[in-house]
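Residues per chain are reported as follows:
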Amino acid sequence: MSNKVIAGVPVQVNAEGFMTNPAEWTKDVAIEIAREEGLPELTDAHWKVIDFCRSTSEDGKSPTLRTITNGTGLTTKELFALFPKGPAKKVAKIAGLGKPEGCV
Amino acid sequence: MKTFLILGAGTAGTMMANKLAHHLDQSEWRILIVDKDETHYYQPGFLFIPFGIYGPDDVRRAKRRYLPQGVEVIFSGIERIEPDAQRVILTRNSQVVYYDQLIIATGTRIVPEETPGLKDAGWRQNVFDFYTFDGAVALSKFLRRWPGGRVVVNVAEMPIKCPVAPLEFLFLAHAFFHERGMRDKVEIVYATPLPGAFTKPRTAAVMGDMLKDRGIHLESEFNISEVDNTRQVVSSYDGRELNYDLLVTIPVHMGSTAIQNSGIGDALHFVPTDKQSLQSKKWPNVWVIGDATNLPSSKAGSVAHFEADILIENVLRAIDGLPPSACFDGHANCFIESGFGKGFLIDFNYDTEPLPGKFPMPGVGPFDLLKESEANHWGKVMFRWMYWNLLLRGAELPFESQMSMVGKVR
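Chains as they are written, first to last, in numbering that gives the first Met the number 0: chain H, 0 to 103; chain A, 0 to 409.
In case anyone wonders, no lab produced these hints; they're calculated from the structure.
Be aware that one or more of the hints could be misleading.
Which bits of chain H does chain A cover? Going by a derived footprint, with three or more residues having C-beta under 8 angstroms, they are [unchecked claim]:
(1) 10–22
(2) 73–79
Computed far set for chain A versus chain H, every beta-carbon distance over 10 angstroms [unchecked claim]:
(3) Lys1
(4) Ala20
(5) Pro82
(6) Glu186
(7) Val205
(8) Glu220
(9) Leu267
(10) Asp273
(11) Gly320
(12) Pro323
(13) Lys341
(14) Ala374
(15) Arg409
Note that CB positions come from ideal geometry on N, CA and C, so glycine has one too.
Given these sequences and hints, build the entire structure.
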């Protein structure tokens, strides 16, 4: 666990860089993390996914990829296009949530 | 007379039936268990079938043999579970069963249909699973005559049953081809959606080295998008393509269709369950155990076994009108067969990843943790006997249900 300043806001992050307190998150924080993750611009489609994850998160954990596709109506392919490589992990990071559970 | 209904007579359901028959006053309670299949499979044994180490009869027995007297058994599918009405509708004659307490132990199943192209022409020709009895037997026949080539072992999506089984399959395949003098004719590729060889960091590092030493290529963060069996290629969402001559798939896992039809599960049809009490998150007289839960623990027989010790305590309290008190800690304990008569043992829970050290066990132990040894292989071999003769019957085993730090080294 360590402290980091993102977009001028002090936030707590874990060893893998995931925020540990979802309440510290702001939209500006999201934009800044997205840049670090190689996404220079967040479109409406990105925000739709981020908002979905924040509104359905339980215990500060982000939903799984399948929950996101079921809940947003986007296909897995579209999610990979929006958030290349690992969409579930990437969205979790940008949305200020913990890694989705179920990876055990 | 009150009814205690158990759905599913697999590992978890059978253990609970035995425990309930032992504890409940049978003049007050009727215990009923429902399952669609009359055969009990020792699922950890499926892994050994493709390599001819176990035959079909090593892994199957009649379910009824393991269910105690005094437990009524109905062999039927399940149409719907209606927790608000406290009833379950069976597929056989649309029979309706009302219950006072319900345990859902309907497990998980593979759904290869979820991956486009996976069940096309190549299915059980040069594309196999080993997570079903039929798949494991079909693959054993194929391997007997296979001249060699490129085998891709692919995990479609997490979670899967027994997350170490794909690794064991790779180690055993390496040993199998080596012992047949054809390892140089076989290229082995492991394509997994995980960032490394396993979910937990220290085990991932040890297993990653094991793969490297055996010349097995690891293709990590590979999220399969489709299979094209005409070209014999699997593709990932990020545009990677892997050629194969033989594809061994660990398909998408989902909960039972009964959970799906009843609308009581999550996106993968696993039932939302309190991770400590094992009570349904919605209905206080509904309990969930084993692979059917959505818990962030491994889907494995050892987990079901540790959960059963917790669950029996909590349901007995519930019957007496008390709130649950026993807490499941996510404990899992897995032997990992690594080939050439050796194996690993890992022991972990929700919070503590598998650590090296020693695992004490009265009489036969200690076993090495996170380290290869011959004793661990014999532990795994011996476990099949324990499973049939002790574990299913709900007997006490020399393992604690809560994980212990004794012998572990951080």
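Taking the hints in turn, this is what the structure says about them:
1. 10–22: violated (count 0)
2. 73–79: Since 3 is at least three, the answer is holds.
3. Lys1: 33 angstroms, holds
4. Ala20: Answer for Ala20 (chain A): holds, closest chain H Cβ roughly 32 angstroms.
5. Pro82: 20 angstroms, holds
6. Glu186: 25 angstroms, holds
7. Val205: Since the minimum Cβ distance to chain H is about 17 angstroms, Val205 (chain A) lies beyond 10 angstroms and the statement holds.
8. Glu220: 6 angstroms, violated
9. Leu267: 6 angstroms, violated
10. Asp273: The claim holds: Asp273 (chain A) sits with its nearest Cβ about 12 angstroms from chain H, beyond 10 angstroms.
11. Gly320: 29 angstroms, holds
12. Pro323: 19 angstroms, holds
13. Lys341: Non-interface label on Lys341 (chain A) holds, nearest chain H Cβ at 25 angstroms vs cutoff 10 angstroms.
14. Ala374: Since the minimum Cβ distance to chain H is about 26 angstroms, Ala374 (chain A) lies beyond 10 angstroms and the statement holds.
15. Arg409: 16 angstroms, holds
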